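Visitor: Just so we're aligned, residue 0 is where the sequence shown starts under numbering that gives the first Met the number 0, counting upward by one.
Please keep in mind that the hints were generated in silico from the structure rather than gathered at the bench.
Computed from a predicted structure; not experimentally measured.
No residue lacks a Cβ here, since even glycine has one placed at the ideal position from N, Cα and C.
There's no promise every hint is true.
What the hints assert, rightly or not - Ranges of calculated distance between the beta carbons of each label pair, as one might list FRET restraints:
1. Val-341 - Leu-17: 48 to 54 Å
2. Leu-125 - Pro-92: 26 to 32 Å
3. Ser-197 - Met-0: 16 to 22 Å
4. Leu-44 - Phe-87: 26 to 32 Å
5. Ala-322 - Val-186: 26 to 32 Å
6. Glu-89 - Ala-144: 21 to 27 Å
7. Leu-120 - Ala-359: 32 to 38 Å
8. Pro-14 - Gly-212: 17 to 23 Å
9. Val-186 - Met-0: 33 to 39 Å
10. Pro-294 - Gly-212: 51 to 57 Å
11. Asp-314 - Tyr-25: 20 to 26 Å
12. Met-0 - Leu-140: 27 to 33 Å
13. Gly-168 - Val-341: 55 to 61 Å
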Amino acid sequence: MPVGRIRGVPIVISPFALVFAVLVAYLLSGSIRDRLPLASDGRILALSSLISIGFLASLLAHEIGHALTALAFGHTVRSVTLHGFAGFTEFEPEPRSAGREFLIAFVGPAVNGVLAAGCHLGLLGLDDTSDAAAVLHDLGLINAALFLFNLAPGLPLDGGRVVVAAVWGLTRDKLRGLRAGAYGGFVVAAGLVVWGASTSDGIGMVYTYALAGFLAFAAYQSLRAAQVRERLPGLCAGRLARRTLPVEGAVPLAEALRRAQEVGATAVAVIDRDGSPLKIMNGSAVDALPEHRRPWMTVDEVSRVISPGMVLDADLEGEALLAAVQRVPASEYLVKQAGRPVGVLAMVDLVARIDPAAAARMVASR
């Protein structure tokens with residue numbers, strides 16, 4: 000749910016974050032009671048609730064640090080979201096240098112480090128049994144833990160981004176950095192499992208294992224993303240475009256398919272009287288249509304209107320091509336060169352060049 004904006008950036012807190020805050024308050028209550036044995040139940044509840052709110056505020060400050068740094072470098076920040084034990088700052092485009100990658104990643108944990116130091120300084124001169132000391136003590140430990148944990152050297156943690164930046168800066172190869180960060184994520188997840196088995200029990204162990212599972216899955220996704228990027232440089236919209244048959248929308252579907260087969264075209268575009276493309280035949284819709292019905296359906300009825308985002312330049316390639324199709328997901332795109340239509344790019348063809356197994360699943364699901 001949206002809770003406000005900072006410099007125009009929406010701040011969103013998921014319902015799970017609120018559930019997690021309640022869990023944190025519950026876990027802290029025992030520790031507070033050990034330090035304040037004479038405190039009433041109401042006082043313990045109030046202190047643990049205040050600390051859990053401070054925990055969420057610390058996470059938010061961490062993410063705002065990322066967001067403000069990204070804004071300072073001219074990036075567009077879409078949102079800051081708290082999911083509970085983690086947060087996420089969505090910005091684009093990706094950092095174009097290792098230095099920016101490092102700074103945007105490091106500022107978040109640095110904020111927690113500053114907060115931890117501030118809490119420690121605030122404890123000086125306070126009575127250990129005071130409410131303020133209890134709150135500052137726990138918030139200091141929480142922020143110190145956030146500082147250290149987030150700098151663990153594996154994706155998706157900020158420390159993983161630091162590894163990416165370091166390897167990228169040393170080798171001038173961002174992909175190598177991404178792979179190093181992903182493998183680091185597996186190491187961090189394995190370390191959490193070992194640590195959880197030796198030091199935790201009950202709900203603490205469950206939480207540690209869940210966190211390790213989350214990190215391992217995210218590291219796997221990061222590794223997959225790096226593998227995809229390795230295949231991007233050879234991808235070009237113009238070279239991937241299918242030969243396309245232009246027909247008017249009133250032409251029967253069966254006739255259009257016959258003409259396409261005659262000329263070796265594997266895509267069909269609906270044109271107006273001036274020859275300008277209006278729609279692209281939807282391959283999935285055609286596959287789902289029984290063959291005996293095709294003579295009675297027009298091409299127009301199984302085609303999709305070409306929106307501005309469905310028009311790609313033939314020279315578009317690599318990451319720019321991938322970003323374009325991610326902005327406007329579709330099964331087919333019209334490819335133009337110098338303003339003239341040259342073919343249709345089918346999403347399944349693009350996916351096949353990146354991940355053949357995923358393309359096979361797309362075809363099987365039609």
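Visitor: With reference to the structure, classify each hint as holding or not holding.
Guide: Cross-check of the supplied hints:
no. : hint                          : result
1   : Val-341 - Leu-17: 48 to 54 Å  : holds (52 Å)
2   : Leu-125 - Pro-92: 26 to 32 Å  : violated (46 Å)
3   : Ser-197 - Met-0: 16 to 22 Å   : violated (38 Å)
4   : Leu-44 - Phe-87: 26 to 32 Å   : holds (30 Å)
5   : Ala-322 - Val-186: 26 to 32 Å : holds (30 Å)
6   : Glu-89 - Ala-144: 21 to 27 Å  : holds (25 Å)
7   : Leu-120 - Ala-359: 32 to 38 Å : violated (60 Å)
8   : Pro-14 - Gly-212: 17 to 23 Å  : holds (21 Å)
9   : Val-186 - Met-0: 33 to 39 Å   : holds (36 Å)
10  : Pro-294 - Gly-212: 51 to 57 Å : holds (54 Å)
11  : Asp-314 - Tyr-25: 20 to 26 Å  : violated (58 Å)
12  : Met-0 - Leu-140: 27 to 33 Å   : holds (29 Å)
13  : Gly-168 - Val-341: 55 to 61 Å : violated (40 Å)
In the structure shown, a violation is registered for the earlier hints numbered 2, 3, 7, 11, 13, in ascending order.
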